Each structure stands twice: as structure tokens, then as C-alpha cells.
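*Asks:* Each chain, written out:
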Amino acid sequence: MTTEFDDLLELSDFYILSRKYEEALKVLKKAEKLEKMKSKLYFNMGMVYEALGDHDNARESFRLVLKLDPDNIAAQEHLDHLIEG
Amino acid sequence: MKQFVVIGLGRFGSSIATALSRKNFEVLAIDEKESSVNKMEGLVSQAVVLDATDQKALAELGVASFDTAIVSMGETVEDSIMITLTLKELGIRQVIVKAQNELHAKILKKVGADRIVFPEREMAERLAESLASPKLFDFIELSKTHGIIEIVTPKKFLNQTLADLKLRKRYSVSVIAIKRKVPYAKPDGTTDFKDETIIGPGADDELIAGDVLVVLGHYDDLAKLEKV
Numbered sequence: 001m002t003t004e005f006d007d008l009l010e011l012s013d014f015y016i017l018s019r020k021y022e023e024a025l026k027v028l029k030k031a032e033k034l035e036k037m038k039s040k041l042y043f044n045m046g047m048v049y050e051a052l053g054d055h056d057n058a059r060e061s062f063r064l065v066l067k068l069d070p071d072n073i074a075a076q077e078h079l080d081h082l083i084e085g
Numbered sequence: 001m002k003q004f005v006v007i008g009l010g011r012f013g014s015s016i017a018t019a020l021s022r023k024n025f026e027v028l029a030i031d032e033k034e035s036s037v038n039k040m041e042g043l044v045s046q047a048v049v050l051d052a053t054d055q056k057a058l059a060e061l062g063v064a065s066f067d068t069a070i071v072s073m074g075e076t077v078e079d080s081i082m083i084t085l086t087l088k089e090l091g092i093r094q095v096i097v098k099a100q101n102e103l104h105a106k107i108l109k110k111v112g113a114d115r116i117v118f119p120e121r122e123m124a125e126r127l128a129e130s131l132a133s134p135k136l137f138d139f140i141e142l143s144k145t146h147g148i149i150e151i152v153t154p155k156k157f158l159n160q161t162l163a164d165l166k167l168r169k170r171y172s173v174s175v176i177a178i179k180r181k182v183p184y185a186k187p188d189g190t191t192d193f194k195d196e197t198i199i200g201p202g203a204d205d206e207l208i209a210g211d212v213l214v215v216l217g218h219y220d221d222l223a224k225l226e227k228v
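If you're matching them up, the sequences are chains A and B in order.
Under this note's numbering, the first residue of the first sequence carries the number 1, and numbering increases by one thereafter.
Under this note's numbering, the first residue of the second sequence carries the number 1, and numbering increases by one thereafter.
Treat the hints loosely; a few may be bogus.
Each computed DSBU-like pair below joins lysine-lysine, with the alpha-carbon atoms no more than 30 Å apart [what the hints assert, rightly or not]: (1) A:38 x B:186; (2) B:33 x B:23; (3) B:224 x A:20; (4) B:181 x A:33.
Covered stretches of chain B (chain A as the covering partner; in silico rule of three or more C-beta atoms under 8 Å from a C-beta of chain A) [what the hints assert, rightly or not]: (5) 174–188; (6) 191–203; (7) 206–212.
Since the hints were made in silico from the structure, they are not lab data.
Since this is a predicted model, take the numbers as computed values, not measurements.
From the three backbone atoms N, C-alpha and C, an ideal C-beta is built for every residue, glycine too.
Start from the sequences, fold in the hints, and give me the full structure.
*Replies:* Here's what the structure looks like:
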């Protein structure tokens, strides 16, 4: 059974795939109120901030992902890219 | 492949030597302090303990065959002047020197330095620039009047073509590339971006959310564009 949190996360994926980043951010912030400390939540947030050009928040989000899931290669790649860029 | 010799392995020298080496350039790193040279081991092609004010020793090391020399001597102003002179006499095409102050820079120019850098000042100016305009990611200076910037596409430009926006007419700038993030679903169900760069975009190219514009123009015009 999926939880409301999972549904919101899935919805954020949908918004990201359709490039509706501001809608995705709203949904992710709602999800964060339900459950914190989930790496996928912060990964999606990082992507949305990156796409919106908010690099400070993007870096912060990817750092949180790596704190929760140190082997997350994708998050490390995003972070490296954001630091170099 | 370009070859670099870096003389003086303080904070600036060692950082630049490591960064160039990471970009796969051949780097020869020189300092008279053994401890500074030891720190570079494995990070650059070759690291040597040598007094770079010794012209003969520099020549014997084969420094003359390098394309570019970077001199970063910390506090010792006289040494960096001497070394710059020697390097130019040895025939190195490009000598870049870190200067301590304006007077130092002036003398370095007189003895043949091709480029003078004030790393702390340049970094401070760059930081100030990026703080002053949060949308600015990167900046390339082409001349005293023109440059290239990267900006996140302003909201009101979204979903319009370059022809609709008439940026050349309205702002006197040219979009030379669009850096686009293409979202996709990975097999494990997560979402990620692929980077795509459209070089020399056409009039029909439409700007979409997440696009970063690489724009060429006069600084005054670029500043106007950033305020959109």
C-alpha cells in the first residue's frame, strides 16, 4: 500500500518530467512535512532547485541526500557539477 | 598537449598546479621547500625541489620547452621579478605571475610578464559580481566592453521562441547557446536530468523551464538583461 508521502513523491516525479518545476517544489515541500530524512525527497528537491537556478538550495539538498545515502552516485555527480559550475 | 611549469607551491601555486593536472595537462611543479614539493607528489606529472632564482638550474631542468609558466612566489617580490626575467630569457612564450601590489605588477610587466594576476582581488571581484546578481553563474570577459554570461532563463521568457523574444533588437545581445536540462525516468523509477547544449540556437528554438542561456553582448546590455 502506498502512503500519501509516496504519492506526493510520485507526483513530483511527474511534474519534473513535464518540466513543471514550481509545481514539483510545492508538492515536495508538502511531502517534507509528512516525512523527513528520505533521500529521494531531497534528490528531487535538489533537481528542482537546480532547474530553477537556485544553486545554494540545490547543493544543500544533494548534500542531505549524501548524508542519508552516502553511496548515491547520482547525487554526488549533481553536487560536483554544481560546485564546479 | 599544453605543458605548464608552476613555480612556487604555496596556496595559489599548488591549487593551480593540481587543477591543471586534473585537466590532464603536463605539469612540472617547482619549489625550494622540500615539504611543499612532497605535498604535490602524485598530484602532478613531476615535482622538483629547486631554487628557481638559479637560472642555470632552471635551464638544465628543461623549463625552456614549456608553453606556459605560472610564477607564484608568495611574499618574495624580488624573487618573482628575477624568475620572470629568467623565464622570458629562456624563451617561455607565456609567463603568468602573481603580483602582491600595483608596483610589483608594474615591474613584472616591465621585465616581460605576459599576464599579471591578483588572485585574491580577482576572486573578491568575482564573488561580489555573483552576489550582486544571484542569477549569474559564470562570466567570461572578452574585452573591456564585451563579455559572455550565463543566466537562468527569466520567467517571462519561458515558452517563447528566440524569434518572439527579439533579444538582439530589444537588448542588443546574442544567445550563443542554450544549456538545457532534459528530465527522464531511470529504470529504477527515479528521475534525473540529461544535459543538452544547443549551440547556435535558431530563431524557432523555444525556451523552456530549466534552460540556461549563454549570452554575448556589451556589459551594459547584459546587465539590463539580468534585471529582467
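*Asks:* Next step is simple, just say for each hint if it's right about the structure.
*Replies:* The hints, checked one at a time:
1. A:38 x B:186: Holds, because 18 Å separates the two Cα atoms, which is no more than 30 Å.
2. B:33 x B:23: 25 Å, holds
3. B:224 x A:20: Distance of about 27 Å is within 30 Å: holds.
4. B:181 x A:33: 28 Å, holds
5. 174–188: holds (count 4)
6. 191–203: holds (count 3)
7. 206–212: holds (count 4)
The earlier numbered hints are all upheld by this structure, with none contradicted.
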